[in-house]
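2 protein chains.
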Amino acid sequence: MKKLEEKILKEGSIAIGNVLKVDGFLNHQMDVAFLDEVGAEFYRLFKDAGVNKILTIEASGIGIACLAARYFGVPVVFAKKSKSSNISADVYMARVDSYTHNSSHDVIVSRDFLTKGEKILIIDDFLAKGNALQGLVSICRHAGCEVVGAGIVIEKAYQGGGDEIRRQGVRVESLARIASMSENGITFID
Amino acid sequence: MKKLEEKILKEGSIAIGNVLKVDGFLNHQMDVAFLDEVGAEFYRLFKDAGVNKILTIEASGIGIACLAARYFGVPVVFAKKSKSSNISADVYMARVDSYTHNSSHDVIVSRDFLTKGEKILIIDDFLAKGNALQGLVSICRHAGCEVVGAGIVIEKAYQGGGDEIRRQGVRVESLARIASMSENGITFID
Chain A
1 MKKLEEKILK EGSIAIGNVL KVDGFLNHQM DVAFLDEVGA EFYRLFKDAG
51 VNKILTIEAS GIGIACLAAR YFGVPVVFAK KSKSSNISAD VYMARVDSYT
101 HNSSHDVIVS RDFLTKGEKI LIIDDFLAKG NALQGLVSIC RHAGCEVVGA
151 GIVIEKAYQG GGDEIRRQGV RVESLARIAS MSENGITFID
Chain B
1001 MKKLEEKILK EGSIAIGNVL KVDGFLNHQM DVAFLDEVGA EFYRLFKDAG
1051 VNKILTIEAS GIGIACLAAR YFGVPVVFAK KSKSSNISAD VYMARVDSYT
1101 HNSSHDVIVS RDFLTKGEKI LIIDDFLAKG NALQGLVSIC RHAGCEVVGA
1151 GIVIEKAYQG GGDEIRRQGV RVESLARIAS MSENGITFID
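So the protein sequences, as listed, match chains A and B.
For the first sequence, our numbering begins at 1 and goes up steadily by one.
For the second sequence, our numbering begins at 1001 and goes up steadily by one.
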């Protein structure tokens, strides 16, 4: 999505630790008019996939998922991050290591909100090493749901997580794929 | 909002500790078509208030704020919950005690995203004792912003937080106001 790449170049910056800061439009302040276009783009890509539900993960994913869900006419379920390790019979759970925060946590979804046979589109703002996405895919499989795809706003392609998940047969569509990133600039995969 | 009250009665339940569970449509699974109507209702209530920006708090508030922001044509900023107490010069901060989780945490907003003189509409899913809302109001005031109002989906009016904040001169509009709640049922303030 050309407009997204331009926005990343114009409004993004690179913080210490090679972290891409896009908190002016994506994950602290949200440019809702633009993110609504992002939602429409996900709909264009996945409208024929028979999506029953959108699954995302708190916090930044929720807004984008809701804006996209309007186009699909489906509900959103957001996975919750849990610091406590009390496994309950009521939830599906996956362990996720966070690259950005150098920590790990459990991600949980109530069994009430994923039903066997449902076709799930996963939406998230970032994909780097792919741990969060991998966790969501694993939760869907435990629930007997079909993951029809993953819609990602920004993929740090050079970290390899996206391609690893594609190799597992999941259709991953990222609206901007970063090939390289340094103080010299950002380049994208076409 | 009649449809919201009906939805609470039909789909909500009361969990241990007198917690209202509406996670089937509001704060785990999100009924986006319905929450889009909620967004439109906030727009009807606040469309003449000159809103420049919507402020909410992660996680459940984000989706509702984004759906409402489409109608207003403004960006959303979401306050982040922080367990760490490292006060940075870059952020506005407030301390918030959570009634539901029996804990407290800091709530932070980057100084980059609140500008003196901006008219802010605060949106959140729940208002009980009002600690989160109070924290957001306090952050806006530190930033020199004007809080033109707060749009709340469900107010537990019997806990008093809403009226306390109204007494401070903030316009608080709650789409459902719970007068009482017990195993015998839920009653609303008209």
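Since the hints were made in silico from the structure, they are not lab data.
Incorrect hints may appear among the rest.
[As the list claims (entries may be wrong)] Covered, in the sense of this in silico footprint (three residues per stretch, anywhere, with C-beta under 8 Å from a C-beta of chain B), are these stretches of chain A:
1. 13-22
2. 31-39
3. 71-81
4. 110-122
Here the structure is a predicted model, which means the values were calculated and not measured.
A virtual CB, placed ideally from N, CA and C, is assigned to each residue, including glycine.
### Task
Could you tell me which of the hints above the structure violates, numbers in ascending order?
Structure breaks hint 1 only.
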